[in-house]
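Number of protein chains: 2
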Amino acid sequence: MKETKIGIIGFGTVGAGVAECLLKNGDAIAARTGVRPVLRRVADLDTVRDRGVKLPPGVLVNDAALILDDPEIDLVVELVGGTGAAREFIKKALAAGKSVVTANKALLSKHGAELAELADKSGADLYFEAAVGGGIPIIKALREGLAGDRIVEVAGILNGTCNYILTRMEKESAAFDGVLKAAQAAGFAEADPGLDIDGIDTAHKAAILASLAFGDWFGAEQVSVEGIRHVALKDIEYAAWLGYRIKLLAILKRAGDEVQLRVHPALIPCRSLLGHVDGVFNAVWVQGEPIGGTLYSGRGAGRDATASAVVADIIDCGLNLACGCRGRVPPLRRSPTFTRIQPMSELRSRYYIRLQVVDRPGVLAQYAGVFRDHNVSIASVTQKEEANPDHPVPLVIVTHEANEADTQAAVREIADLDIVSEYPVLLRIEDLA
Amino acid sequence: MKETKIGIIGFGTVGAGVAECLLKNGDAIAARTGVRPVLRRVADLDTVRDRGVKLPPGVLVNDAALILDDPEIDLVVELVGGTGAAREFIKKALAAGKSVVTANKALLSKHGAELAELADKSGADLYFEAAVGGGIPIIKALREGLAGDRIVEVAGILNGTCNYILTRMEKESAAFDGVLKAAQAAGFAEADPGLDIDGIDTAHKAAILASLAFGDWFGAEQVSVEGIRHVALKDIEYAAWLGYRIKLLAILKRAGDEVQLRVHPALIPCRSLLGHVDGVFNAVWVQGEPIGGTLYSGRGAGRDATASAVVADIIDCGLNLACGCRGRVPPLRRSPTFTRIQPMSELRSRYYIRLQVVDRPGVLAQYAGVFRDHNVSIASVTQKEEANPDHPVPLVIVTHEANEADTQAAVREIADLDIVSEYPVLLRIEDLA
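Going down the list, the protein sequences come from chains E and G.
Under our numbering, the first residue of the first sequence carries the number 1238, and numbering increases by one thereafter.
Under our numbering, the first residue of the second sequence carries the number 1238, and numbering increases by one thereafter.
One chain only, chain E, in its complex shape (with noise of 0.2 Å):
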């Protein structure tokens, strides 16, 4: 039977993920595939450490280079994460002419090209499904499933920690602080929670998405973003009020021959299958003609999550070597079918806005004609708390579709208003299915 000599470099908590699987399974899947996985090597600094992986002897190596210049090893699996080493560590093996498996979304979304073509130039495969929604396989989805689809729309949960704040706050009424805090506790959160809960690692992801579905590489910086910080859980209460429940989204999206590629927390229907996605879980709705609008969900990150996305990619990787078809399906094949990226000012959606407005004679009066003269119409107002002239109240307002510049403009004119006591918080509505 034909073999894949594998390295793996980096042996952190998915590195000991993908070696288990591959111990524990590597019979399965020769017999399910024909093709053979070996673990010949996996390089780590620490080589002390109990992974609670039994290795076998000889395999663990202090050094990427006895993997990386190991002319046995057909296929290099990148688990370092970052943008420095790890990068070098690909470059190297692509200009081996070795496969490369990666989960790197950082590095695909800031040199997803260079590598690319890379990977092009020696013929080598890169694979990288654990880079977006570990336990979903949504890039096989996007490379290969929905190829014959146009895309019109990519919607998805990316972000555990997010998703699993969000639910938290509304199962528990429980403010954001709180959750933060105990999602840190519970190891849900990082110390350093800036990369989950500002959007930044959902626009790395959504980057990924976007290139594939739309032809083109996109880096993190061409995707708008916006965290969940300001959400309250006034928000998340006045949302489910009106029929919506708040999400963490990345939407990429066709707006006539432009793309729309943002991150922010979103109304979207409580009936919406994306809706009902809770806790740590991901999902990724995607909108294709001719299929239709499909849902794909799954723990998004962990240990056995993402290892089985990786094993996934060695499977296909050494499906291709052992077949001599490397390059059957290329990290991306450029075909842009887009004219440029929609600004996030010509946006056009309908507006969540919440006030909070000092109660008294001709308040109404007052922000309604801020919002005629931007050209945003009102559909509904909400105050469902009791008046009370002494201390503001919430006032929640939803927006017929507007244009998002002119909506901003209304809201930051409507924020020096006296009868304002805050800076309102605005939230987009999408009507997914």
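In short, the hints are calculated from the structure, not lab data.
Treat the hints with care, as some may be off.
No distinction is drawn between identical chains; accordingly, a pair holds when it is met within one copy or between any pair of copies.
What the hints assert, rightly or not - Once the Cα atoms are required to be at most 30 Å apart in a straight line, the calculated BS3-like pairs of lysine-lysine come out as:
{"id": "1", "residue 1": "K1242", "residue 2": "K1358"}
{"id": "2", "residue 1": "K1329", "residue 2": "K1408"}
{"id": "3", "residue 1": "K1328", "residue 2": "K1621"}
{"id": "4", "residue 1": "K1242", "residue 2": "K1328"}
{"id": "5", "residue 1": "K1408", "residue 2": "K1418"}
{"id": "6", "residue 1": "K1239", "residue 2": "K1471"}
{"id": "7", "residue 1": "K1408", "residue 2": "K1621"}
For this one, chain E is given, so just place chain G on it according to the hints.
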């Protein structure tokens, strides 16, 4: 650029959808994959009827032999359906070394092993994404995306007609018969609805998914099947009150060394993602090791969703032809991972049982005694309507985990009691996440 020369046999609804997608998205597919799909022939006995698709001149012919005997054609798409002519077409195509794409679930669940063997011998590809869950790339997920996982359970809503009927019964508080008639009038159910509502179509699909999940070919006749005719509105309402929704499920599950292959209506938790899949949508929940739980949802049938799946297979086969790697992923590499199919009588499950009982003294003692004698332990009893000594009232029992044969025996015995006015309804409870 390399080309895939395609012949489609069967120019019905799906055939027209495939032709349209190839003509419309062909350039994009060529740019994205590096291989151009070329529609060389479409064969159908009826060459006159307008399908709303304008084929290039000379493409439409009235004889499948013009495809099967054409040495230029690399790839045959079988969309005739049924287990007669379709089987001969596929055998002939494979014998001639042509790759085959089919959407024919009935044929695969009956003659899958034979066709796979033929494909193996000739080295040709046999792809069948559209056979299960049209708009859901679940076949590819099982064959490739989860190839590194040990599949523990597959639970699927695989029949749009049944899901549409059950959803409408619930949303409109309507009885089965009326909803079925409305579904027939609206074109969501066949004039002869048995294939759908008796679970046969679901069993075909279940057999195919089970084959991929557990590594051996299964036939639909090896699947225990129960349809939805006996599900009353009352049951849907009681289920909702207990926190469940009723769905027709295909359940393919390991039980120790054995596997369960069953299709029946089941109560699943309202909070589960599968519980929110409504109307004509299909969904498949897969539990694997190490991946955990993943869910795939989309339109299960219809021209466009099915066409998308067929075109994805055409692209895969085209890439294999272009890269000289046909047979890269065979239909099924036999490697059984189980000892036997567990007979339904050995199932252990929790049960929902609705009795229509005459409410008079001593009734409880009677049926409770029967359950006790059969080792079935009652978890809860619900009797919501007012007691009425003259009319039988519904009484809903939820059991703890019990054996199927025992529970069925208890129900048979209770049915014979004179306190019971009609044969009890027994449904299984599946605790999906």
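Within a copy, between copies, both or neither: where do K1329 and K1408 come within 30 Å Cα-Cα? neither (48 Å within a copy, 59 Å between copies)
Alpha-carbon proximity between K1408 and K1621, which holds within one copy, between copies, both or neither at 30 Å: both (20 Å within a copy, 29 Å between copies)
Evaluate K1242 and K1328 at a C-alpha cut-off of 30 Å and name the case that applies: within, between, both or neither. within (19 Å within a copy, 37 Å between copies)
How would you classify K1239 and K1471 at a CA-CA limit of 30 Å: within, between, both, or neither? neither (59 Å within a copy, 58 Å between copies)
Status of K1621 relative to K1328 across identical chains (alpha carbons, at most 30 Å): neither (59 Å within a copy, 69 Å between copies)
Between the shortest in-copy and the shortest cross-copy C-alpha distance, which are at most 30 Å for K1242 and K1358: within, between, both, or neither? Both: 22 Å inside a chain and 28 Å across chains, each within 30 Å.
Within, between, both or neither, where K1408 and K1418 count as close if Cα-Cα is 30 Å or less: within (16 Å within a copy, 41 Å between copies)
Checked against the numbered hints given earlier, this structure breaks hints 2, 3 and 6; the rest are met.
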